[in-house]
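Peer 1: Each chain, written out:
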Amino acid sequence: MKLTKTLMATTALTVAGVSVQAQDMADSMTLVSWGGAYQKSQVNAYAAPYQAMHEGLEIVWDESSAEAVAKLRAMDEAGNVTWDVVDVVAADALRLCDEGLAMEIDPDEHLAPAPDGTSAEDDFGDLLVGDCFIPQIVYSTTFGYRTDMVPDGVEPPNDICDVFDLETYPGKRSLEKRPINNMEWALLCDGVAKDEVYDVLATEEGQQQALDKLDTIKDDVIWWSAGADTPQLLADGEVFMGSTYNGRLFSVIEEQDQPVAMMWDAQVFDLDGWIIPANLPEDRLARALDFIYFATDTQRLADQAKWISYGPARKSSAPLVGQHADLGIDMAPHMPTDPENAKNTFLYNYEFWADYRDDIDAKFQAWLAQ
Amino acid sequence: MSDTTETTESGPVLSADGTPLKRSLRRALRAQKMRALALIAPLLIFVLVTFIAPIADMLFRSVENQIVSNTLPRTVVALQDWDADSGELPSPEVYEALYDDMFLAAEAKEHTRLGTRLNYEQTGISSLFRSTGRGVDDIGEDHVDALEDLDEAWEDEAFWYTLMTGGEGAEPNTALLEEQRRRLADLTSDSFAGEIGFVPGQAISELLPQTARAYTAFALFTVIADEDVVAEEEPWEAVKVALIQDLKAGADVAGYDGPGAAELVAAQQMVADLPPIDFKAAFLAEDEDWGAIENWKTIQVYSPEFTSGYFLNAVDMQKGPDGPEARPENQQIYIMLFQRTLFMSLVIMGSCILLGYPIAYLLSNLPVRTANLLMILVLLPFWTSLLVRTSAWKVMLQQQGVINDTLVWLGIVDDASRLVMINNQFGTIVAMTHILLPFMILPMYSVMSTIPPSYVRAARSLGATNWTAFWRVYFPQSVPGIGAGSILVFILAIGYYITPEIVGGTTGTFISNRIAYHISSSLNWGLAAALGSILLAAVLILYWAYDKIVGIDNVKLG
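Which chain is which? The protein sequence lines are A and B, in order. Residue numbers for the first sequence follow the numbering used here, so the first one is 1 and each next one is one higher. Residue numbers for the second sequence follow the numbering used here, so the first one is 1 and each next one is one higher.
Simulated from the structure, these hints should not be mistaken for lab results. Quick caveat, the model's predicted, so the values are computed rather than measured. Here a beta-carbon is modelled for each residue, glycine too, at the ideal position from N, C-alpha and C. Hints are supplied without guarantee of correctness; some may be wrong.
[Stated by the list, open to error] Footprint (simulated), chain B over chain A, 3 or more residues, beta carbon under 8 Å:
(1) 96-109
(2) 222-228
(3) 231-242
(4) 356-366
Hey, can you work out the whole structure from these sequences and the hints?
Peer 2: This is how it looks when you write it as structure tokens:
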């Protein structure tokens, strides 16, 4: 008894001056992200200011987001989850939630309200997909094209169906080596109305219709699997137009000054954000939640747009988006969510693809290999 | 005396200490063997633990399918008697069992995992399970409300606790507790061992079997998973639904005199006036897909603990109602990929032999100084990152790349019709031949450098031409090097996936690309394991065939 008291007193003395909250939080944290310019924007906007606030905190970055679901599952099976906060796309967050690998989030408890007092739930709105996902940015998969390869006397491409028009716009295209997005675009350009795309795609005939449409350009397509492929193919002049993430195109156009332009038509919105692995030890969980609360507040989300052209997921962050930190250009017109760019958009249908992903992918891959 | 002498003479030879020599020798040898074993033990254990065991575990997943019977144990049993070809939906009992299983699975958040698993076989089950998990606690809502309106005791956690323990000193039913422990452990793959401060009473479990089972599962889950106290938590809706079912089934509550007897009698009278809970209609209202026979077929077909489904899938087949059947043509891909992988690996191996042999020959016949310098040129790319070398080939081979530019500049190729040399089989073969070439050259070189030059000289002095001397004398001695190099290159090539992924396009990808996809993207580890097992078996068979035809003793690494 006496010993316990002495110990407690000593501990109290040691931690005097340090906030009580900090005492039961882990002093090291592993963040998982995508690497490259995107991770850099997170370091600048979230991690560095957070570390400045918490002296002695060590942040380890792991660039494994692309395989996050598989790795987290393996870690969980091995009983040793070493990650604290993981950046994943919304579809993966949904799967992690389904697998019981991600923690469920209560937006109003775990996330900061907007500066004007709007609750986090309302501020994020529809973007809170699934029970475990903490949205961070809105990005889009869209097309870029070489301005110097547009044939003389022809309008530059500005319609998604120009991708399928080899006569007016001859040249190679690069498309992602998976059915998602490509199937939707193919149907759109085969006369299917926008709000019927998924109903059609749910049928055997609809899937065949989409593949038949893709078949018309198959010989002129280079299929990519990494986000960096299309920018490189465009920069080398290997392809005339190609799909990729809008932030990648921004850096090709604005940072590397290549003769490339954006074609925003029928861009597909998708979300990227954080999840916290399920069943973390208490001290690490406290640290992860504290970081999340800070890193997803209105100002921090707006700050990230200084380094990368992805739209903040909070409504309240949009007016705060300023200029690029190095280039000094206004970022708002480069956001996928800018009204000028978002005249015709699509939102990734998570429920649909969670169900049909395996089935359609099997058909798509068989079609590709033919 | 004479007996002893006889034995000694005709018996076994003895060593100095009188034990038979044979035994003593064996002991000495055994000690030696043990010492040798102890010396290699660290490596042996290391290999077993870090290499063999994970591979075995991974391969086991290709047949393992316990998740269905662990998550829906009662449904699987109830579904056994259902005739899938009858064209009718399963009986109401199946839906009732499904409610019981689904409720617990949803509490443990395991239902979506099963949904993902079954979605590999039947599109749509993933969202079916997800949406049902959300709504399952509304099933039987009206009945539960009626029960709670009748008597507030049914919302009282302490009343429930006393009811289910049977009061102080009641005979406990530990068998039921252990049974539910196992069920939860199977469901969650966590341990549910430990004291929970609750044991169901024997009398009440006999009177209300379903209720006792549901409450015990609730108690275990509350204490071990949620870390709460049983007596302070109100039971799940599923427990109350189970009670209503028990009462409806005509439990003899009149003859019961334990705690809560009066409330039970009142409840049974009230319940008698209510219509039975229609689980089937409730599930169909949750999601109409519960009325789709296909979904039930899938659950039934995949209910055994082990399945051949993954292996069938891996060879473009599927489980049909009458045994295995071919997949629809527009989904067949794996057989073609296996063939392509084998064919391209052979081509790559062949081109490595063609390119590697002259180099190895040159290296082993040059003066040591020059040979060492050339050796560095062989090894230099070997030390460079695989990704760098693959990306370099991209720069070389693409249509706006170095080779095409040169050809156009030389006027050999027209600017409009540049050669397509990448994102197809050709690109993969070129890049992989380059990457794997050192694995061919090194064993060839080490074998060739042991061939005495005097043999060829002797052949020549006996009148052989250069070609005859090479072909009849030198070449046969270099075959073990070719064999070793070929095995190395072929086995490495068959499992390659990064290079084909980057330069292979659609026609130059390997089966390993699909394995990687199923491991890291689709998370269909069972299928990935099945594909991997087949690949492993193919390699072992080829190795065996090689041993039969060429002889593995003929392989030398130096």
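Peer 1: Next, verify each hint and record whether it holds.
Peer 2: Now the hints, each set against the structure:
Against chain B, the stretch 96-109 of chain A contributes 4 residues with a C-beta closer than 8 Å to a partner C-beta. That satisfies the three-residue criterion, and the hint holds. Counting residues of the stretch 222-228 of chain A whose CB lies closer than 8 Å to any CB of chain B gives 3, so the stated coverage by that chain holds, three being the minimum. Under a criterion of three residues with beta carbons nearer than 8 Å to beta carbons of chain B, the stated coverage of the stretch 231-242 of chain A is upheld, 3 such residues being counted. Judged by the Cβ-Cβ criterion of 8 Å, the stretch 356-366 of chain A is covered by chain B as claimed, because 9 of its residues qualify and three suffice.
Every hint, counting from the list given before, is met by this structure.
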